[in-house]
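Undergrad: All chains should be modelled from the sequences, with the hints used to inform the complete structure.
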Amino acid sequence: MFRVQNGVFGYEREDRILNGIDFSLAEGKILTILGPNGAGKTTLLKCMVGLLKWQDGRSLLEDRPVPQIPAAEFWKKVSYVPQAKNFAVPYSVREMVVMGRAPYIGVFSVPGKMDYEIATETMASLGILHLQNKQCSRISGGELQLALIARALVAGPKLVILDEPESHLDFRNQLLVLEKLQWVATEKGISCVINTHYPENAFRISDRTLMLGRGKRYVFGETREVITEENLREFFGVRVRILPFREGERDFNTIFPVELANTAFL
Amino acid sequence: MFRVQNGVFGYEREDRILNGIDFSLAEGKILTILGPNGAGKTTLLKCMVGLLKWQDGRSLLEDRPVPQIPAAEFWKKVSYVPQAKNFAVPYSVREMVVMGRAPYIGVFSVPGKMDYEIATETMASLGILHLQNKQCSRISGGELQLALIARALVAGPKLVILDEPESHLDFRNQLLVLEKLQWVATEKGISCVINTHYPENAFRISDRTLMLGRGKRYVFGETREVITEENLREFFGVRVRILPFREGERDFNTIFPVELANTAFL
Amino acid sequence: AGSGPGNAVWGKATAKTRTVVDQNGRTVKLPVQVKRVVVTTIWPLPSVFYMVDGSTKRLVGIPPASRSAAGPSMLSAMAPEIMKAETVFATGNDVNLEELMKLRPDVVLFRGENAPEQEKLEKTGIPAVGFRTTSLADGNSIENVYTWMKLLEQVLGKSEKQSKAEEFKRQSLQALNMIQERVKTIPVEKRTRALFLYKDDEKAITVAGSAHFSHFWLTATGAVNVAADIKGTAVVNMEQIYKWDPDIIYITNFTETLPEDLLGNKVNGQDWSRVKAVKNHKVYKEPLGIYRWYPPSTDVPLMLKWLAQKNYPGLFNDYSIETEIKKYFRQFYHYQLRDSQVRQILNPPRDAAKDS
Amino acid sequence: MDKSTMDHNQVLKVLKRNRIRWLLLALLPVVCFLMSLAIGRYYVAPATVVRILGSHLLPLDITWREFDYSVVCQVRLPRVLLAMLVGAALSIAGASFQGIFGNPLASPDALGVSSGTGFGAALALLLFDRNMIAVQLWALFFGMVAIGLTFLISRLRKGQQVLMLILSGVVVSSFFQAMISLIKYIADPESKLPTITYWLMGSMATASYRDLAVVAGIIAVGAAILLLLRWRINLLSLSEEEAKSMGVNITLLRWTVIGAATLVTAATVSTCGFIGWVGLIIPHAARMLVGSDYRAILPASLLLGATYMLIIDLIARTATASEIPLSILTAVAGAPFFAYLLRKTGGGWG
Amino acid sequence: MDKSTMDHNQVLKVLKRNRIRWLLLALLPVVCFLMSLAIGRYYVAPATVVRILGSHLLPLDITWREFDYSVVCQVRLPRVLLAMLVGAALSIAGASFQGIFGNPLASPDALGVSSGTGFGAALALLLFDRNMIAVQLWALFFGMVAIGLTFLISRLRKGQQVLMLILSGVVVSSFFQAMISLIKYIADPESKLPTITYWLMGSMATASYRDLAVVAGIIAVGAAILLLLRWRINLLSLSEEEAKSMGVNITLLRWTVIGAATLVTAATVSTCGFIGWVGLIIPHAARMLVGSDYRAILPASLLLGATYMLIIDLIARTATASEIPLSILTAVAGAPFFAYLLRKTGGGWG
Ligand SMILES: Nc1ncnc2c1ncn2[C@@H]1O[C@H](COP(=O)(O)OP(=O)(O)OP(=O)(O)O)[C@@H](O)[C@H]1O
Ligand SMILES: Nc1ncnc2c1ncn2[C@@H]1O[C@H](COP(=O)(O)OP(=O)(O)OP(=O)(O)O)[C@@H](O)[C@H]1O
Ligand SMILES: [Mg+2]
Ligand SMILES: [Mg+2]
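Chains as they are written, first to last, in our numbering: chain A, -18 to 247; chain B, -18 to 247; chain C, 3 to 358; chain D, 242 to 591; chain E, 242 to 591.
There's no promise every hint is true.
Taking lysine to aspartate or glutamate and the EDC-like style, the derived pairs with C-alpha atoms no more than 16 Å apart in a straight line are [as the list claims (entries may be wrong)]:
#, chain 1, residue 1, chain 2, residue 2
1, B, 34, B, -7
2, A, 161, B, 240
3, C, 233, D, 307
4, C, 125, D, 307
5, A, 34, D, 482
6, C, 245, E, 307
Please keep in mind that the hints were generated in silico from the structure rather than gathered at the bench.
TA: If you want it as structure tokens, here you go:
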């Protein structure tokens, strides 16, 4: 339902960060993007949704090139959650979340009862209903991250794109968000793309993984095939151990970085 | 060398977040603070360094109450790295890092050659020297986090306090920062306090751990004794497995959140 | 409901009317009997009113600036009632309509160039007659005062016989011709080069150039206006004064500066001592008669004679300005000036430019 | 459980307090309007005022004097209406500018509209005599020229749009201010200059029904657009990327708001000159009263602005026998109130 | 390896380009200064100018005319010096205000200093006659009163300090502006009003050594403090918490900067009235030329401001026989240059 063909991008003309990126994502599937700092993960997400323009290649949503889809229509289908920021916005969490309904609300209109109901529901399902009247500038980093995720979900999108959604979240909330995303993907058929620094989380929920390295390299494929001790060592310069274990009926993989691989890497 | 006695704090009078906090930290030791979102970790750090005022109790640095130490002197000994933010500041990474030298630079003075040399050294040791001429607003989240850590270290403090220093960092940089902190603590005798959402990291480097829960509870003690499956379950509401394993000559613990413990927790 | 102006019950106002054409070309309906007149924003007009009507009793309201000008002038001596006319309804260029209506004027006289004011007055239904100022006669004070007098006579319903306008114009032109006759033989390079100092204080030297009254005065009396390049009044610097280096300097009544300030070089930051007029002690203050003599006033012939004497003392030594002043005041204002009053006219005090 | 019921009660309490506050805000201008018609230097008995007003609806006997009628209907009524319109217009424009620039120093002149309009008026006053319609049209025209210039300059380079806009506005605004100085400099000081100066100083004294007719329509359209966009303006306080990812066409939205606010500002300046303070301060006062949501700030600014201007103009024409210039009153009367609000709420920006 | 050598070369290139730029910036005012002394309405041959100036150092024969000497030494020299001082002062004050408020709309009047000073001057002009020393002292005094008021109001409540300051400044500034209107309103329109109006409009026409003596000292002290704090001002662009955790006493630092900038602004306004544009725009121009580091912005503003004012004043006194008001020239001459910079650099705020 979403694909990128031969995506090329660089902030400065000579210095390309992304080169010939090709991947696709089916309905209800989860794609994780992994990669070291500064590899271009955030940049990739922004290019995907058209916030930055591909210098070559293109993104396709439901087989239509993204630039050809009217903005209002596109943003009903796609939600984007940027990396969490410090908020100067003086709105309450409820108002913030309801802003996610903007694509459905006429230009000359204001959010109605239904919009608030959807917002309330979403906040409840993420367990942040008790924050609804708090000012965004006065909640903790993790609480803010959850509010942003709620804002992305209220628009009822087909594709949710999240930049490091588990950062600043505690264990419980990380699990909650991951489970929520999985539920969203499997039950509602919403596709998800997430950036993360935790391959464990990729293992836990994602179907596909794109591992981005410095110097324009990348691998894309089944999560299990992409996240290997070998690849991690090569892309991150860290020696890791992948430890499979069984708990109750489920199989898990825990990934543990042991030590820096070769300091000449950088 | 640093201790908190009976610390009490709440943003609103009636509603205390921290109550009767007591702990101490010896020279060259690392203290990790763990806790769910909104528990008050950030608040605790701010109270420790006097950015927020304890409503009761006090902090002591080298046995002197913090409010009695002149600001200029205090901030030579203590560095604080806030949770990473989006930077509107239009300075280059080098200028940002050199700002950390402020306590040593006279009010009517500008940073000199020595200050820049120290900054260069520090950036080099954190592997971000190649970023020195980049604008802070144009580097990735992880790169920024490293720059902030460099800024904290240039002042040559006795105590470094970091709010979620590994967030936004990739595997390699996480290891790098943790190793650097450990080196700083053991080799230079600098004490460290860090907030984190990753008990694994606490295991890896910290001597003491303070686990903060909602509802004013907390435990403080040897890391090994505080981070138990039992405590994690109680404080975070998540069932986790702590898996010890051996790699080469070293013992490691990996911690894996399995599932939400009891959904009635919140 | 009484029967006074504006008091008539709506629709029952049946009084007869007549019309005049004002200087904006508007046809204005006036009551046959004009008993209460208000001048809003045209400062010299009350003194002209005195000339036309022989008293200012019909003037129920005048601008505050007219009253403060009247104080040190002869007008307040000749028509003490002017000091009691209402002034509160106006400030600067603004008029409070309701306060104006409280005065129940039969006619309002306003500054014709002030379009917003005209609009405003028309709303009230009070007849409003516009008098234009500089845009009227290109700085020719004779023409200017003459047309004002003519229009005022119409407004006040004066008959041909009562009219003083023609006699004023005749005497003015007579003075003008007399002067022109004598100066016309002087070659250009021998003419007195004069400067009108409009205002002078530590912050600014303001001179009056062409397209202002100064130009008329100086050309009429055979002098060369050194500031002719400047339009209207403008601030200049000392360098420019040095460049002009005038033979004679006149100081208007719009400034508190007196000749001794320049002669004694008392103004900080301005070194006048090297200027020719100062070296030769030819710095004079404008007299103050029924009104300031610099702008158009009904004293025009006197101003001409005074200026001519100062410009060319040798050419105009056949009359005494003191006698001329007394004669003129007797003839037009029916007022016998004392010698001390004549001296006061010719040597106005510093405060003449100040709020009284 | 306990917490949520408390919340519920709290919410109800807040709602109730809000309703009273809004009722007060809405009643204020109405009360002040009626009061204003009955007060003035020229005494007309309140009963007579009511009869005169009523005579437009009912066939009443004419028992009032000529002047009574023209005072109430020709002098006061258009003036009071104009004051309300102008106050409302400047305040809502100011609030919108503050919203889209996220800058508490932004005011209706931020983009050079007022000075452009003022320049147009001054030029027309210099060129034509006694043609107030021409003055208004020229003023409006140059207001549009100014905003157009700002637009073009801000487009010279892509970058931080808001910053480029603010800087372009500063430049265009100072440019037209300089042009106004130029006109004053070349205007005849005896005849034209006082008129131009007086006109620019700001006054409602010349209000006529014709003025009203010209501006009321423009202001109504502009204010309606702004009011309709009230929630969208909230979205502009997010970061540019976030706003875009909510399907907001930032550039279009921003320029629609700017266009409407410009229209409204130019219309008022073209009718009654520069009136400072209102457009800058009333939105802050509104923000402090009703919070930082533009759904509330815009209508509150409108009501507060109308009331404020009404009271100021009432003082201007009644306090002393002569008209007091509005520029003297606006700040003096509003400053203590503003300081009080500042003390109570601390500014209210987040 | 490859990258770092490239970096090194690049750094050298940048340094070299920088050095040339600074050399130009520093030479500009010197060249303009000399040129200014030789140009004026009254012609003095450049050679004579040099001889006259030289006669203060060497025993030269007096071969010039009386007027020549007083034109060069009494009329031009003090005026040119004053223009440079004023331009430099307003620009550095503006740059500092923009720095501590992080707001591109902040200007030397941000906190009400100019209007307070203007009010003091207007009041003194109304009350005393022809006593310019009193005018200057009153002006300075009320400048301080204004900043004091702003301080007190901003302290009414703890909160976002910068916002409270800006809003307080807006209020105090409008208040004193209203007070100025009041004074103009009660001043006699024939005698006092034009003097007050002209004075406030801003002019260097009557610069004397006495004026210079009064302001030069104050400006030197204020500007020196600001220059010394140039790096500290950088620190204020961090968040409050971060700045604090670097041992910066934010409040003290901010008020030291405000104090120095106030001094400098009040000194200029008390000598030559309101001169707009310079304090708002020159700092932006400097930022676009040298980047966003206040260690560079402050000296660049200083040099650029001095040059700019010098040129403007040169035009004002030579272009026509009469003085052209500075307010006409400031924006007109600078706007195209500013638009060009805007186009080249996009504003330069980060
Ligand atoms: N606006 C910008 N202009 C120029 N270069 C930029 C800009 N934003 C980012 N970069 C550079 O592009 C590279 C990729 O940045 P990006 O933010 O996409 O990294 P990332 O993979 O998301 O990193 P992280 O994991 O730290 O968030 C980095 O080297 C960064 O310095
Ligand atoms: N400025 C503030 N005013 C009022 N309440 C606040 C403020 N900042 C934080 N809080 C509240 O205090 C509580 C503790 O916040 P804090 O930021 O210390 O949490 P934290 O433990 O750091 O959380 P996280 O792990 O998400 O960063 C939260 O419930 C938050 O909503
Ligand atoms: Mg990123
Ligand atoms: Mg925190």
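Undergrad: Of the hints given before, which are not true for this structure?
TA: Of the numbered hints, just 3 does not hold.
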